[in-house]
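Protein chains: 2
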Amino acid sequence: MAHVTGEQLKSFAVKVFESLGIPATDAETTAEILVQADLRGIDSHGVARLPIYVKRLKLGLINKRPDIKVVRDRPGAAVVDGDNGLGQVVGHRAMTLCLEKARQHGVAVVGVKNSNHFGIGAYYAMMALKEDMIGMVGTNTSPLMAPFGGKQPLLGTNPLAIAIPAGSQRPVVLDMATSLVPRGKIEIAARKGEKIPVGWAIDKDGRPTQEPEEALKGTLLPMGGPKGYGLALVLDILCGVLSGAAFGAHTGSLFGDLDRPQNIGHFMLALDVNSFRPLSEFKNTMDSLILSIKNSEPAEGFKELFLPGEIEYTKTEERAQKGIDLNPVVAQNLLNLARDLGLVGGEATVDTLFA
Amino acid sequence: MAHVTGEQLKSFAVKVFESLGIPATDAETTAEILVQADLRGIDSHGVARLPIYVKRLKLGLINKRPDIKVVRDRPGAAVVDGDNGLGQVVGHRAMTLCLEKARQHGVAVVGVKNSNHFGIGAYYAMMALKEDMIGMVGTNTSPLMAPFGGKQPLLGTNPLAIAIPAGSQRPVVLDMATSLVPRGKIEIAARKGEKIPVGWAIDKDGRPTQEPEEALKGTLLPMGGPKGYGLALVLDILCGVLSGAAFGAHTGSLFGDLDRPQNIGHFMLALDVNSFRPLSEFKNTMDSLILSIKNSEPAEGFKELFLPGEIEYTKTEERAQKGIDLNPVVAQNLLNLARDLGLVGGEATVDTLFA
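Same order as they appear, the protein sequences are chains A and B.
Just so we're aligned, residue 4 is where the first sequence starts under this note's numbering, counting upward by one.
Just so we're aligned, residue 4 is where the second sequence starts under this note's numbering, counting upward by one.
Hints may be right or wrong, so weigh each one.
The list cannot tell twin chains apart, which means a pair is met if one copy fits it or any two copies do.
Unchecked claim - Lysine-lysine pairs mimicking DSS-like chemistry, simulated, CA-CA at most 25 Å apart: (1) Lys325 to Lys61; (2) Lys67 to Lys18; (3) Lys306 to Lys220; (4) Lys297 to Lys220; (5) Lys306 to Lys18; (6) Lys207 to Lys306; (7) Lys61 to Lys306; (8) Lys61 to Lys195.
Think of the hints as simulated: they come from the structure by calculation, not from any bench.
Model the full assembly from the supplied sequences, consistent with the hints where possible.
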């Protein structure tokens, strides 16, 4: 098993992107956002995705040197055209603009079109924390989920991330998809030969199924039935329809569509706390709310209550201190990638790759 | 059974409020919002609530002539102090301000403190539709729901309403609480002597229960476990903490706390569509998305797919045309209320009450 530090992973990812002709600052930004996912314990969205990003870049499906432009501009609102750049580069630029506008006007919303898969939404929402702002970031994704009552995957799992500063307590960071479970959870059940609970997915004929193999041929279901469906639809509208990006069944799949750009859309909102309430008052009140939950008695079967984002903060501290144990399959994939790109010779191993 | 028109119900409600000394325009606004709930089929939030509003007004727990003030003001952000006025009066004023600001700056957010229960959130969100804007409105509520993993009701069911204009299709109007089910659904099961599904609620000791009587002594559970909990918490922060209203367990109950004001907080967001994308393009795309869902094949057990708000639009058209059959208990309560207020004599009946 390869044991690496976040810094090692990041400099590896930077090298990968630079070797493909991505400008240094863009390589740095993308690597940083991927590695933050690994540090937070969201391994599915971290460096494990380097191979697919590289594949899309090599196929010319992602623009290496995008001309990212603000195509509509109002005091509190803007639309950014990502020119099909890496989602991380586009997303970072758009959220930076959103924070600038919110500082001036109290609140801002930036819509983004012509973007790509941008990794974890929490990263962009958390950019607001350093500015003592509340950040809210959504993205649409490729269609994987049926509307409530339907059987065709017309909607993405369209995640929403919200970051809210606190005082002495850690910020609240919610990052959730609108499906009941991610597709990856069904893939794991399939590998283990386990059944899945009713409500996670339906088969290709729209029938409830407990067989993971059938579920993978069918579609995911929204959390809370019509509620999750409604949220997924609203996010698709805010990310896709409002900005002019792809929407619904038109959105390109990161893995599945290797013949066209994704044209993903994002939605970014920033609220300057101090425009609403003196910052210290807000932070003290946040602490009080957080502690009221943290100190309350757990229900049967629970040992402790967690705030949204708390588990990820703990994981980040742990991995920043102790490093990350890379999954052996991921490590091997990264080794193969480095060889393909000529970054290491044939003698390299997963143990020497990050040294 | 009393059969009434929306207009009859509204003029009855106006008379009730005016008889208590509510200014005419405020009585009109509040009556309109209550009756819109009845027309939409959300009977729980319509004129059935007149008696509790009257009770709170008579007890001096709601300010009849509030001095509603903008206490913080930035180009795209404001905080409104509702001075403990009727939630409908305060909410209507705040959303009007939010729409004005969004027209000037593209986007606006208004936080509201010192308000009261404001009826259906959809009403305020839908105010944006006439302006070709997207409206998003949240409110916190009295604590009825446990955080995920907890057993104490530290959070409200904190609903969120979002209204989005379309072209030839009806607007999308999502209005949902963050609990899996409303408390009323458990009350109905209790009356019918039926069991409730696991996941709706826990008993007072934090144990899952299928007994509605035990659930009513316990607390509601969030939809989707940690996801609904996260959304409820975020809404409490946006509505309560950001504006300076009550939050968490401190929020006053409409029915339960007859010794203090509720100090409810609201959150209102308006996005001017035209600031992001030419309106006609947006509306055409909305129609296309809506029709892709409406025309898709239903899953097993479903006859038709519905867009968020579609059922309520159909109900509104039906009730606007055919009138409303008032629940007999509600009609009797309104008759008693009218007698108590001296609006009708002892000879009045539910059949003559609205004539």
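Hint check:
1. Lys325 to Lys61: neither (34 Å within a copy, 63 Å between copies)
2. Lys67 to Lys18: within (14 Å within a copy, 67 Å between copies)
3. Lys306 to Lys220: between (37 Å within a copy, 22 Å between copies)
4. Lys297 to Lys220: between (41 Å within a copy, 22 Å between copies)
5. Lys306 to Lys18: neither (43 Å within a copy, 54 Å between copies)
6. Lys207 to Lys306: Cα proximity of Lys207 and Lys306: across copies only (17 Å, versus 39 Å in one copy).
7. Lys61 to Lys306: Close neither inside one copy (48 Å) nor across copies (46 Å); limit 25 Å.
8. Lys61 to Lys195: Answer is neither; intra-copy 34 Å and inter-copy 64 Å both fail.
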